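**Q** This is what each chain is made of:
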Amino acid sequence: MKKRLVVIGNGMAGARLVEDMLSRGASERFEFVVFGNEPYGNYNRILLSSVLAGSHDPKDIFINSLAWYEQNGIKLHLGAGVTRIDREARKVYAAGDLVEGYDHLVIATGSTPFVPPLAGLKGANGTWKPGAFVFRTLDDCDAITAYGRGAKKAAVLGGGLLGLEAARGLLNQGLEVHVVHLMPHLMEVQLDPAAGSILGRTLQGMGVRVHLEKSTTGVLGDDRVTGLAFKDGSTLDCDMLVISAGIRPNVALGGEAGLTVGRGIVVGDDITSPDDPRIHAVGECAEHRGKVYGLVAPLWEQTRVLADRLSGKNPDAVYQGSSVSTKLKVMGVELSVMGAKEGTNEADEVATYADPARGVYKKLIVRDGLVQGAILLGDASVAPSLLQLFDRATRVPGAPADLLFPSSGGAPESASAADLPADAQVCNCNGVSKGRILEAVKGGCRSLKAVCDATRAGTGCGSCKPQVQQVLEAAAGDLVVDDPAAHYYVSGVPLTKPQLMAAVREKGLRSVSSVFRELAGGKEDPGSKAGLASLLKTIWGKDYVDERDARFINDRVHANIQRDGTFSVVPRIYGGVTSADQLRRIADVADKYQVPMVKITGGQRIDLLGISKENLPEVWKDLGMPSGHAYSKAFRTCKTCVGTDFCRYGVGDSTALGIAIEKRFQGIESPAKMKLAANGCPRNCAEATTKDLGAVAIEGGRWEVYIGGAAGSRVRKGDILCVVDTQDEVLKHMGRFMQYYREEARYLERTYDFVERVGIDFLRRKLVDDCDGIADRLDAAIQTAVDAYNDPWKEAEVPVHPSQFRTLVGAVAVE
Amino acid sequence: MNAETVVLGSVEQIPLGEGRTFVVGDEPVTVFRTRDGRLFASSATCPHGKGPLADGLIGGTKVVCPLHGFAFDLGSGRCLNANGNCGDLRTFAACASPEGEIRLELPRQQGSAAA
Numbered sequence: 001m002k003k004r005l006v007v008i009g010n011g012m013a014g015a016r017l018v019e020d021m022l023s024r025g026a027s028e029r030f031e032f033v034v035f036g037n038e039p040y041g042n043y044n045r046i047l048l049s050s051v052l053a054g055s056h057d058p059k060d061i062f063i064n065s066l067a068w069y070e071q072n073g074i075k076l077h078l079g080a081g082v083t084r085i086d087r088e089a090r091k092v093y094a095a096g097d098l099v100e101g102y103d104h105l106v107i108a109t110g111s112t113p114f115v116p117p118l119a120g121l122k123g124a125n126g127t128w129k130p131g132a133f134v135f136r137t138l139d140d141c142d143a144i145t146a147y148g149r150g151a152k153k154a155a156v157l158g159g160g161l162l163g164l165e166a167a168r169g170l171l172n173q174g175l176e177v178h179v180v181h182l183m184p185h186l187m188e189v190q191l192d193p194a195a196g197s198i199l200g201r202t203l204q205g206m207g208v209r210v211h212l213e214k215s216t217t218g219v220l221g222d223d224r225v226t227g228l229a230f231k232d233g234s235t236l237d238c239d240m241l242v243i244s245a246g247i248r249p250n251v252a253l254g255g256e257a258g259l260t261v262g263r264g265i266v267v268g269d270d271i272t273s274p275d276d277p278r279i280h281a282v283g284e285c286a287e288h289r290g291k292v293y294g295l296v297a298p299l300w301e302q303t304r305v306l307a308d309r310l311s312g313k314n315p316d317a318v319y320q321g322s323s324v325s326t327k328l329k330v331m332g333v334e335l336s337v338m339g340a341k342e343g344t345n346e347a348d349e350v351a352t353y354a355d356p357a358r359g360v361y362k363k364l365i366v367r368d369g370l371v372q373g374a375i376l377l378g379d380a381s382v383a384p385s386l387l388q389l390f391d392r393a394t395r396v397p398g399a400p401a402d403l404l405f406p407s408s409g410g411a412p413e414s415a416s417a418a419d420l421p422a423d424a425q426v427c428n429c430n431g432v433s434k435g436r437i438l439e440a441v442k443g444g445c446r447s448l449k450a451v452c453d454a455t456r457a458g459t460g461c462g463s464c465k466p467q468v469q470q471v472l473e474a475a476a477g478d479l480v481v482d483d484p485a486a487h488y489y490v491s492g493v494p495l496t497k498p499q500l501m502a503a504v505r506e507k508g509l510r511s512v513s514s515v516f517r518e519l520a521g522g523k524e525d526p527g528s529k530a531g532l533a534s535l536l537k538t539i540w541g542k543d544y545v546d547e548r549d550a551r552f553i554n555d556r557v558h559a560n561i562q563r564d565g566t567f568s569v570v571p572r573i574y575g576g577v578t579s580a581d582q583l584r585r586i587a588d589v590a591d592k593y594q595v596p597m598v599k600i601t602g603g604q605r606i607d608l609l610g611i612s613k614e615n616l617p618e619v620w621k622d623l624g625m626p627s628g629h630a631y632s633k634a635f636r637t638c639k640t641c642v643g644t645d646f647c648r649y650g651v652g653d654s655t656a657l658g659i660a661i662e663k664r665f666q667g668i669e670s671p672a673k674m675k676l677a678a679n680g681c682p683r684n685c686a687e688a689t690t691k692d693l694g695a696v697a698i699e700g701g702r703w704e705v706y707i708g709g710a711a712g713s714r715v716r717k718g719d720i721l722c723v724v725d726t727q728d729e730v731l732k733h734m735g736r737f738m739q740y741y742r743e744e745a746r747y748l749e750r751t752y753d754f755v756e757r758v759g760i761d762f763l764r765r766k767l768v769d770d771c772d773g774i775a776d777r778l779d780a781a782i783q784t785a786v787d788a789y790n791d792p793w794k795e796a797e798v799p800v801h802p803s804q805f806r807t808l809v810g811a812v813a814v815e
Numbered sequence: 001m002n003a004e005t006v007v008l009g010s011v012e013q014i015p016l017g018e019g020r021t022f023v024v025g026d027e028p029v030t031v032f033r034t035r036d037g038r039l040f041a042s043s044a045t046c047p048h049g050k051g052p053l054a055d056g057l058i059g060g061t062k063v064v065c066p067l068h069g070f071a072f073d074l075g076s077g078r079c080l081n082a083n084g085n086c087g088d089l090r091t092f093a094a095c096a097s098p099e100g101e102i103r104l105e106l107p108r109q110q111g112s113a114a115a
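Protein chains in written order, with the working numbering: chain C, 1 to 815; chain U, 1 to 115.
Chain U on its own, in the form it takes in the complex:
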């Protein structure tokens, strides 16, 4: 598979229904843990005004930036109310392992060797 999996530790680091940020390599990535137990991951700040998305409210598969209320679909990263004022998020596949650890899939850097 053309992706690299990194393990970020226990899902319990993230309160239920909230998000927290991890620095992965040199990129801050926010992981969201929904009330029904799913994990989502995206770039950590809102493209509009750099609002911290980990501080946003989440519901279903949406997150709302705490600064100006731009909402994003966590699956696709698409901004749902941009109206030309805000870009989309970069998203990553994330899931919880059977042991309750956060597993994040990173796209392979170009040129890096495949195993």
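Excised from the complex, chain C in its bound form:
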């Protein structure tokens, strides 16, 4: 028999919980009953202000239609206000003699607008005077719009977020708008005084009249609203009034049922009432650790935890509170706020930047290297990077003040993708237009991964993912969900890299198939195999159990597959220094196998293209050279310049160093490929400053070691890890960084993304200053990997399987 889950409230929290339950397959064990006060399916309340402003049609803000409830077998009571909860009998009573029994009850009653005591708000008949409104529901929105058509001058009581949104709507309808606020500056919950005053100035410039520190005492007018009276004796003429002075959680049902109630209905980390294990509360009516959240992101974290617990997907899931961050547009002005708005102790580093004339204000509070809070008003270009640092509690790279401005060293921040026309191409690898992405969002994709899977955007080189995210955020607003899978090391095993590494070590999992068996419920995911193989090889070295089917084809046959199914062969030429003998052998191979193209590569190697798989072993034998590894996620090549032997400018022997680097690190697997270079002087002919790792000789016999450079789909100058005196020290620090990168980076995360993510200062402390004492271990681990190297082209003599180099293995005739 199915359990009954009854939800009181069909707003963003209640409906979301039901969605979360359905997505966890809970409909097999639960039947759902939902009570809603409003006579509609559920809609995105956040977009009500856009409906008021005329930029959204009411029908566009619905999240789930009535048909959705029917299709999913959800019993929906609309317009039925719940009157009582009987905990003993486990029943809910509602208007119209409705009774529903429950096994679990979720209270998601949200909140109602707070209306301060105002003399004269009600007319003689006891109801509100015509022209006075609150702003909470779709019906309120309709009523305000209808009345506004006959009005000229509107007052909005309350200069908080919702009040300003109402003001924007009324302004768009052509009314003269006055915002009346009790406090000394606007949006005091989110903004500090400086930001509040700059916002006020910007809004005045748009035509909103702002009245601060005004305490409203009464509503004027005999049979309709004609003005407001203030405590200081002054008055304001207006012919309509929208009250938006805050909200009060709807807790009465819980209180009457004997549940503990503070500002909201109290729940523990299990999102359950301490008084009754069958009763839960989510959203604006719930109080957790003394906090009531009015934003949508915390609400979704709550429903996710509750759905994990109730559905049995993770009965031990806990909610530990939300770090509040939000991105919004206040009357078209970009605003991002996160965490604290003021520094609270002396150790806090606080950076601010103000440009009142442009309406821009930025503030960042950093404590112990972590973002404590930020305000970004009027310019949100750095919001995504700051939000990421804040949400993931990642250490701040470099000086805090630098984070307030788009990086000058990195790629310039292009104009926001949100402003592009629909036919603009966003993904240049797969030719995906902005319009296609918007269609996917309209079709229900709400996470970056869902959009990418549906459109193939971002699945090529991946460099457009920030733009895809921008389009998604602009289209879906606060409905965007952070896909937990985005933090997994590979999508098929639900663990982050540190969790996965710990589990692999603890359980002693040495093969890819054992990881699927033990950590993914036995479900093999082809897209996760290569990433797992790379990680297991890094963890276990020689003890890794190598299952060849876990390798991408390139690593099964040690060559790079081409568009026609043939392969490219790049022999190892250490440091790009070759000889007449090598060149002769390469030329003979090109003749013998009629190689369609012989090409010099960007990494100073020679590429033989168009070799069939069957010919690979013979080609390698004829070449008599080791594999150049131009196919795997591994150390690729070390480019060099001429150095000191011949070049008249060289100050360091870059060819000798490049050869030494390549001999030492050839074939070392890593999360993504590593391209290296060594320069004999700062003229940078080998382009070492834009390589994953690079060495540059400088006057005085010293070497600069660069990491995190890029000259691919993005261009980034590398950061100097250290400056050292000898080639041996270059090798040592390069190896140490490589090992750290192998252990810490996400699969396919190039060094330039990794270095930016963790920060160069952090890496210097760890790898050069050795602040944690891990350097010796890293040095030993990379040495083990170096010692384990075997030239894979030796498999030409002894294949691992008789059909390793054959695709076609048989033929039969059919009658």
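These aren't lab readings, by the way, just hints derived from the structure by calculation. Since we're looking at a predicted model, the values are computed, not measured. Don't take each hint at face value.
[As the list claims (entries may be wrong)] Stretch by stretch, here's where chain U covers chain C in the computed footprint (C-beta under 8 angstroms, at least three residues):
1. 447–461
2. 527–541
3. 559–571
4. 801–812
[As the list claims (entries may be wrong)] Computed spacing ranges between beta-carbons, pair by pair:
5. U:D36 x C:L78: 46 to 54 angstroms
6. C:K794 x U:L16: 16 to 24 angstroms
7. U:L16 x C:P682: 34 to 42 angstroms
8. U:P107 x C:L78: 47 to 55 angstroms
9. C:G602 x U:R90: 37 to 45 angstroms
10. C:V99 x U:D36: 44 to 52 angstroms
11. U:D36 x C:D787: 30 to 38 angstroms
All C-beta atoms in this analysis are idealised placements derived from N, C-alpha and C, irrespective of residue type, glycine included.
Starting from the known structure of chain C, arrange chain U on it as the hints suggest.
**A** Structure of chain U alone, referenced to chain C:
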């Protein structure tokens, strides 16, 4: 039964967890051998860019084309991430005989005589 069975030799021709191709009549067919011992068979190339599916990664009942990452369900042949860019595969029933031989079921050609 309205099908013809052809025998393609030992399953050991195919490494565990990989696929290999056989020419059956004049059609190249790839047979996949999953780690749990099941066999699947489909047309040998990806409808999108003719990628060799025998070179793809397989997992569960999916194969991913090595060229552009289109994924297919080996049971139904359906492309799982086509988004209008790739067709489906033709699939065939395949199994291993008790002696460890690959048995492939071909639909009978129209007009051919039933036994």
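**Q** Determine for every hint whether it applies to the structure shown.
**A** How the hints compare with the structure:
{"no.": "1", "hint": "447–461", "in the structure": "holds (count 5)"}
{"no.": "2", "hint": "527–541", "in the structure": "holds (count 4)"}
{"no.": "3", "hint": "559–571", "in the structure": "holds (count 4)"}
{"no.": "4", "hint": "801–812", "in the structure": "holds (count 11)"}
{"no.": "5", "hint": "U:D36 x C:L78: 46 to 54 angstroms", "in the structure": "holds, 49 angstroms"}
{"no.": "6", "hint": "C:K794 x U:L16: 16 to 24 angstroms", "in the structure": "holds, 22 angstroms"}
{"no.": "7", "hint": "U:L16 x C:P682: 34 to 42 angstroms", "in the structure": "violated, 53 angstroms"}
{"no.": "8", "hint": "U:P107 x C:L78: 47 to 55 angstroms", "in the structure": "holds, 53 angstroms"}
{"no.": "9", "hint": "C:G602 x U:R90: 37 to 45 angstroms", "in the structure": "holds, 40 angstroms"}
{"no.": "10", "hint": "C:V99 x U:D36: 44 to 52 angstroms", "in the structure": "holds, 51 angstroms"}
{"no.": "11", "hint": "U:D36 x C:D787: 30 to 38 angstroms", "in the structure": "holds, 36 angstroms"}
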